[in-house]
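Asks: Residue strings, one per chain:
Number of protein chains: 2
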Amino acid sequence: MQNRAFFADNGTFCINVISSPGSGKTTILSRTVRDLEGGLAIGVIEGDIRTDTDAQKIRAAGAAAAVQIETKGACHLSAEQVTRALAQIPVAALDVVFIENVGNLVCPSAFDLGEQARLVVLSLPEGDDKPIKYPGTFARADVLLINKMDLAEHVDFDMERVISHVRSLRKDIEIFKVSARTGDGMDAWYDWLIHKTKSH
Amino acid sequence: MQNRAFFADNGTFCINVISSPGSGKTTILSRTVRDLEGGLAIGVIEGDIRTDTDAQKIRAAGAAAAVQIETKGACHLSAEQVTRALAQIPVAALDVVFIENVGNLVCPSAFDLGEQARLVVLSLPEGDDKPIKYPGTFARADVLLINKMDLAEHVDFDMERVISHVRSLRKDIEIFKVSARTGDGMDAWYDWLIHKTKSH
Chain B
1 MQNRAFFADN GTFCINVISS PGSGKTTILS RTVRDLEGGL AIGVIEGDIR
51 TDTDAQKIRA AGAAAAVQIE TKGACHLSAE QVTRALAQIP VAALDVVFIE
101 NVGNLVCPSA FDLGEQARLV VLSLPEGDDK PIKYPGTFAR ADVLLINKMD
151 LAEHVDFDME RVISHVRSLR KDIEIFKVSA RTGDGMDAWY DWLIHKTKSH
Chain L
1 MQNRAFFADN GTFCINVISS PGSGKTTILS RTVRDLEGGL AIGVIEGDIR
51 TDTDAQKIRA AGAAAAVQIE TKGACHLSAE QVTRALAQIP VAALDVVFIE
101 NVGNLVCPSA FDLGEQARLV VLSLPEGDDK PIKYPGTFAR ADVLLINKMD
151 LAEHVDFDME RVISHVRSLR KDIEIFKVSA RTGDGMDAWY DWLIHKTKSH
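Order-wise, the sequence lines are chains B and L.
This note's numbering numbers the first residue of the first sequence as 1 and each following residue consecutively.
This note's numbering numbers the first residue of the second sequence as 1 and each following residue consecutively.
Bound conformation, chain B alone:
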């Protein structure tokens, strides 16, 4: 995989971010960029069917680099699209490149983009049955952010059920409970990210 070799050559850690539409991928990445500014140099490749609003948000958050891919209808990013996007950012100067995939809990999981780690986001309002209904996506994840913890009092979500299903699919997955809106729980995710970036 050409992209994986390119990241390795440049000493850059790449994470492919997958979730349903509206789980909070862009909010998580914006907050991560803002909170780690001065610590990690972060670039983001944004995948969307239409619009470049997410790349604009990421730039506003202060990312070292942000580029938008519009898939024009396609339901996932391809490695070739990522290769073309990588030519538009200064990869060697970045510690981390996030690839925010198209909002889709199914199709992106089957496509290797050359990443070194895969992050899945699940938000509380989506419900606690998602790992059992979309097992392929969770089985291939290295890290899971359970987002929108600030809504915990207002929705039905059996956290133990989710964690138990996810671990049955991927025993050694890292799991962090966060609210990207309030910032609660984000520090543990940052610690993991910094550690992986420095040790990969």
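Put simply, identical chains are the same to the list, so a pair is met inside one copy or across any two.
Using 20 Å as the maximum straight-line C-alpha spacing, the simulated EDC-like pairs for lysine to aspartate or glutamate come out as follows:
1. K57 - D158
2. K57 - D128
3. K57 - D156
4. K177 - E160
5. K196 - D9
These aren't lab readings, by the way, just hints derived from the structure by calculation.
Note that the structure is predicted; figures quoted are calculated from it, not measured.
Since chain B is already given, all that's left is putting chain L on it; use the hints.
Replies: Chain L in isolation, oriented as in the chain B frame:
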């Protein structure tokens, strides 16, 4: 389209239901089945990548018929899968057949299942940018349920922005604001459903 002719021959109204994972499709259909019991004879074809838990929920709600299609990884239902499922339910005895598609805001929109109407569900926690980011899905919808209105105080969601974008994509779309959890707003949706079922 064979399925469309089959529904017409049997005087049955068919609705293809599309949304992101966790928008509340199954909760909406369960409540609709329960609240309209004795009024409309409703059958449901459930599409999921894995598990038959949704068909179980729909049966528990009292549906006249419910059948599960497991797509085994596929990201949308096909007309052929629906044809096979229709042979397992008494279509002529049903007023309405709902086809609950795989949770995916992208791929299902490109596949005609032979339905007479298409229902899209968008829930408040998904965010108000979804119509502009997934225009193809909203442009092909006949009716939109904006669900989880009970969370309105707890999430950021610009209702006017959403309605304006949706109407720019599909001028004559019917829009209902509902909470399938509390039942608020469901009566207007039932009125539309009953009217369409009797007049199609």
